[in-house]
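Asks: Listed below are the residues making up each chain.
Protein chains: 2
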Amino acid sequence: MKAIGVRRDGDHPVLLEKERPTPEKGEALVRTLRVGVDGTDHEVIGGAHGGYPDGEDHMVLGHEAVGVIEKPNGTGFDEGQVVVPTVRRKPNGETNEYFRRGEPDMAPEGEYFERGIVGEHGYMAEYFTSPADFLVPVPAELAEYGLFVEPVSITEKANEHAFSTREPFEWRPESACVLGNGSLGLLTLWMLQQKFDRTYCVGRRDRPDPTIEIIDELGSTYIDSRETAVDEIPEAHESVDYVYEATGFAPHSVQTVQALAPNGVGALLGIPEPWDFEIDGGSLHNEIVLHNKCLIGTVNSHITHFEDAVETLSAAPNWLLDDLITTVAEPTDVAPAFENDDDQIKAVVEFDSL
Amino acid sequence: MKAIGVRRDGDHPVLLEKERPTPEKGEALVRTLRVGVDGTDHEVIGGAHGGYPDGEDHMVLGHEAVGVIEKPNGTGFDEGQVVVPTVRRKPNGETNEYFRRGEPDMAPEGEYFERGIVGEHGYMAEYFTSPADFLVPVPAELAEYGLFVEPVSITEKANEHAFSTREPFEWRPESACVLGNGSLGLLTLWMLQQKFDRTYCVGRRDRPDPTIEIIDELGSTYIDSRETAVDEIPEAHESVDYVYEATGFAPHSVQTVQALAPNGVGALLGIPEPWDFEIDGGSLHNEIVLHNKCLIGTVNSHITHFEDAVETLSAAPNWLLDDLITTVAEPTDVAPAFENDDDQIKAVVEFDSL
Chain A
42 MKAIGVRRDG DHPVLLEKER PTPEKGEALV RTLRVGVDGT DHEVIGGAHG
92 GYPDGEDHMV LGHEAVGVIE KPNGTGFDEG QVVVPTVRRK PNGETNEYFR
142 RGEPDMAPEG EYFERGIVGE HGYMAEYFTS PADFLVPVPA ELAEYGLFVE
192 PVSITEKANE HAFSTREPFE WRPESACVLG NGSLGLLTLW MLQQKFDRTY
242 CVGRRDRPDP TIEIIDELGS TYIDSRETAV DEIPEAHESV DYVYEATGFA
292 PHSVQTVQAL APNGVGALLG IPEPWDFEID GGSLHNEIVL HNKCLIGTVN
342 SHITHFEDAV ETLSAAPNWL LDDLITTVAE PTDVAPAFEN DDDQIKAVVE
392 FDSL
Chain B
42 MKAIGVRRDG DHPVLLEKER PTPEKGEALV RTLRVGVDGT DHEVIGGAHG
92 GYPDGEDHMV LGHEAVGVIE KPNGTGFDEG QVVVPTVRRK PNGETNEYFR
142 RGEPDMAPEG EYFERGIVGE HGYMAEYFTS PADFLVPVPA ELAEYGLFVE
192 PVSITEKANE HAFSTREPFE WRPESACVLG NGSLGLLTLW MLQQKFDRTY
242 CVGRRDRPDP TIEIIDELGS TYIDSRETAV DEIPEAHESV DYVYEATGFA
292 PHSVQTVQAL APNGVGALLG IPEPWDFEID GGSLHNEIVL HNKCLIGTVN
342 SHITHFEDAV ETLSAAPNWL LDDLITTVAE PTDVAPAFEN DDDQIKAVVE
392 FDSL
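Sequence order for the protein chains is A and B. Add 41 to a position in the first sequence, counting from 1, and you land on the number used in the numbering used here. Add 41 to a position in the second sequence, counting from 1, and you land on the number used in the numbering used here.
Don't take each hint at face value.
Simulated coverage check for chain A against chain B, where a stretch passes if three residues somewhere in it have a Cβ under 8 Å from a Cβ of chain B [unchecked claim]: (1) 307-320; (2) 330-337; (3) 370-382.
A few chain A residues that don't get close to chain B, going by computed Cβ distances all over 10 Å [to be verified]: (4) Thr63; (5) Asp174; (6) Glu208; (7) Glu258; (8) Asp265; (9) Pro275; (10) Val340.
In short, the hints are calculated from the structure, not lab data. It should be emphasised that the depicted structure is a prediction, and the values quoted were computed from it without experimental measurement. Even for Gly, the Cβ is constructed at its ideal location relative to N, Cα and C.
My request is simple: use the sequences and hints to build the entire structure.
Replies: Below is the structure:
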């Protein structure tokens, strides 16, 4: 079967010919429909993130997949059921307390593999196998958009964790700001539009731009961070109750505190490299304390977040999901899916369709 | 009546002779027993924090008070009931949504006064009045120690807010570290000893020292931050699940993230002045995200936290509360209560006893 991977000494995705995998007991065989490409894939290809499976000279890419059950193999799934796989797996078939609790997203580094990212092959192949416990059923109508389930699950977790921090008091948020106008930022913006009276989305692009068009269409306000830094948002617009950071731009963690309204919460999701810079650490500390602010970091997601994401995506307008997918590449020519230009929002590799 | 205050142009507490206050409708008259002195009082005296009541040339100090009902004035309290007053009040007798919800601790700056700190006289006087809604009944056995109810309520809120951030997953914390060995740090250390398997307390003192003796007696581990910086705690001891910061030392906000174990939470309570310094902002951001960490700021407390604090203090060993109170000063000679030397843990001004 065809697969897209990266070799240990490589710096770009290559087409591989591999054996079709055979499901073990408890696993189903899945025929892949589509696999999304995101920033993590680019980091994996560039060597900045992740690691190859032991003893392999390559890793199959891809962690945002949707497929159909080809062989249920006694797992209880029906043949033809559309499914999305989760990403974290137990290393070497072992288990640990986090996986036993159904919370692999809370496992510390070294206690998990991530398919297509760390230690295990990903889903960018004609077929993959997965334990049934790590497959989430998706309605057939969502087959085309199922690759968004994994990224949206990341936001489901971030929102759950962030909002839980405000549970001890009566939080009445009105405004939210998304830092980052990639596909996940835009999907999150739509999600936050359902909950907040006013939303903002921060990018660094000139009009005309397809992401700014989506921000406009959603009724949100675009903020160009080259003109208005994140810590200047209160002066230029308003201080916001919720900040969702998806840029990986390290100064944003500190600027988020200044952008927040009293009693606000900021969710950090980006993964920057080390970077020394000066801050007013006294005012930062003071501002967090005197206004009961909170900064929460969140990574990955678990199966209930995937289930929530399926529900969320079922309510999303098709125009948005269609507009987000700017490239559909064939496995035999994936280069367009790995190009990073301003017209690209979400690229997918399509192996098959329903 | 005698009162201890600070004049607008003053830099030390002075004995004042004032009219005994008359309770308005809904208010009780309280005869003061004891009032504690804390770091905020020193900041108020030094002019770094707070502000004088409008039109007054002085402010009566004190926000950690315990007293007895002298005149119930139709409030439903019994004469002789021991009570502790909360601190935040509505400005100018007005109300706002935070007070209406019983959460004045979540009101932003400008939306509250604080008795003895911002805009309203404090409790360091022979008598004070307070709306009955802001008085918490305390068992007579706690009369001597009732001045600890307010500070402990601050920790009750901090713990509630911090632990709620870990509600979305199964958090199994084992270790906690208190930054700061003042009276609140030591009381908090005792509280955390009840919940965590292992605790640490960070100070910058040489043995022999009365606070380190208490840390030893509690079975906790003393860490001298001159030898082991907060971000070196994981290497020297272990990474900890909970950090409670009560130093106001600005670098501690950043170092706390490094001291935390994966999925840990840090509560910040100190209020530092502006202070520029360099940090590795990339690694800070990265560490918060990849290990699901959380930093939460918390200030003040509301009436349910005071009620929780009464319960907590009822269970505290008397030796601890006795050892914490190192100075009991007379209103006519309060200077010893405002001295800040290494033998001082908690100073109180005593107006009367039961």
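Asks: Closest CB-CB distance from Asp174(A) to chain B, is it above 10 Å?
Replies: 18 Å, holds
Asks: When I compare C-beta atoms, does the stretch 370-382 of chain A have three or more residues closer than 8 Å to chain B?
Replies: violated (count 0)
Asks: Taking 10 Å as the cut and beta carbons as the points, is Glu258(A) off the interface with chain B?
Replies: 30 Å, holds
Asks: In terms of Cβ atoms, is chain B entirely out of 10 Å range of Glu208(A)?
Replies: Check fails; 5 Å does not lie beyond 10 Å.
Asks: Once the closest CB in chain B is found, is it more than 10 Å from Pro275(A)?
Replies: 12 Å, holds
Asks: When you look at the beta carbon of Thr63(A), is every beta carbon of chain B farther off than 10 Å?
Replies: 34 Å, holds
Asks: Residue count check for the stretch 307-320 of chain A against chain B: does it reach three with CB-CB under 8 Å?
Replies: holds (count 12)
Asks: Once the closest CB in chain B is found, is it more than 10 Å from Val340(A)?
Replies: Violated, because the least Cβ-Cβ distance between Val340(A) and chain B comes to about 5 Å, which does not exceed 10 Å.
Asks: Would the non-interface assignment of Asp265(A) survive a Cβ cutoff of 10 Å against chain B?
Replies: 22 Å, holds
Asks: Has the stretch 330-337 of chain A got at least three residues whose CB is nearer than 8 Å to a CB belonging to chain B?
Replies: holds (count 8)
Checked against the numbered hints listed earlier, the structure breaks hints 3, 6 and 10; every other hint is satisfied.
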